[in-house]
Amino acid sequence: QSVLTQPPSASGTPGQRVTISCSGSSSNIGSNYVYWYQQLPGTAPKLLLYRNNQRPSGVPDRISGSKSGTAASLAISGLRSGDEADYYCAAWDESLNNVVFGGGTKLTVL
Amino acid sequence: QVHLVESGGGVVQAGRSLRLSCAASGFTFSNSGMHWVRQAPGKGLEWVAVISYDGSTNKFYSDSVKGRFTISRDNSKNTLYLEMNSLRPEDSALYYCVKDEGALVDGLDVWGQGTTVTVYS
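First to last, the protein sequences are chains U and E. Convert by adding 447 to the 1-based position in the first sequence; the result is the number in our numbering. Convert by adding 12 to the 1-based position in the second sequence; the result is the number in our numbering.
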């Protein structure tokens, strides 16, 4: 079981908006930044969002993030087939002195 | 452009040792915390260890590897290491070297392509 909780799957049709949740606790999401990663099939993870809602250069503005208390979410609007991937959230956990990951969410574009 | 290249993976019998290396370029290596993260086939990401920018201030490990794995770095060679001892079949995974955006742990930003470790019993 992962310390951060994500739904195992999510889906949407092209053009739709989907959100992926990430639930934690006061020792991780509640007190530290959340990071999101996209892993396309057969490739290494890539940073999608840092410090809760900041986009690295090259990430389009249809990708957004938010955090409230001990939960965070990733939103993808204008869904495209190229968005099919696994998505992971992560945060530093002050009690464990570990980086903790969510179990990952597999996004399917129908 | 930040570039991380892992090496040293292989097939090894349980109980033996292996040392992974990660050659870094394109950024000031000595300013960044560095991590190892692994991913077993078909599974999610599992954080393994982190080392502070200077190699001496802080090192942290996951419980699953504590006491068996040692993270280290050579800032003069821009290289990160992971010494893995007493390997177990459950250590089999793709091991990624990952740069932190801060001096220890602010957040993982750039990932290498990984090196594969297979441990057989």
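No lab work stands behind these hints, which were simulated from the structure alone. One should not assume that every hint holds.
Within a straight-line C-alpha distance of at most 27 Å, the following computed DSS-like cross-link-like pairs (lysine-lysine) qualify [to be verified]:
#1 E:Lys55 x E:Lys71
#2 E:Lys55 x E:Lys78
#3 U:Lys493 x U:Lys553
#4 U:Lys493 x U:Lys514
#5 E:Lys89 x U:Lys514
#6 E:Lys71 x U:Lys493
#7 E:Lys71 x U:Lys553
#8 E:Lys89 x E:Lys71
#9 E:Lys89 x E:Lys78
#10 E:Lys78 x U:Lys514
#11 U:Lys553 x E:Lys89
Please read these numbers as outputs of a predicted model, since none were measured by experiment.
Lys71 of chain E paired with Lys493 of chain U [C-alpha distance capped at 27 Å]: Holds - the C-alpha atoms of Lys493 of chain U and Lys71 of chain E are around 24 Å apart, at most 27 Å.
Pair hint Lys89 of chain E and Lys514 of chain U, alpha-carbon separation not exceeding 27 Å: violated (39 Å)
Pair hint Lys553 of chain U and Lys89 of chain E, alpha-carbon separation not exceeding 27 Å: violated (38 Å)
Lys71 of chain E paired with Lys553 of chain U [C-alpha distance capped at 27 Å]: Answer violated: Lys71 of chain E to Lys553 of chain U is near 32 Å, above 27 Å.
Straight-line alpha-carbon gap Lys55 of chain E to Lys71 of chain E, limit 27 Å: Distance of about 25 Å is within 27 Å: holds.
Hinted pair Lys89 of chain E and Lys71 of chain E, Cα distance within 27 Å: Judged against 27 Å, a Cα distance of about 19 Å means the pair holds.
Restraint status (C-alpha distance of Lys55 of chain E to Lys78 of chain E at most 27 Å): holds (21 Å)
Lys493 of chain U paired with Lys514 of chain U [C-alpha distance capped at 27 Å]: holds (20 Å)
Proposed proximity, Lys553 of chain U with Lys493 of chain U (alpha carbon, max 27 Å): Roughly 15 Å between the alpha carbons, so the hint for Lys493 of chain U and Lys553 of chain U holds.
Satisfaction of hint between Lys514 of chain U and Lys78 of chain E, Cα-Cα up to 27 Å: The hint is violated at about 31 Å.
Given hint Lys78 of chain E paired with Lys89 of chain E - CA-CA distance at most 27 Å: It holds: about 26 Å lies between the C-alpha atoms, which stays within 27 Å.
Violated hints for the displayed structure, listed by number in ascending order: 5, 7, 10 and 11.
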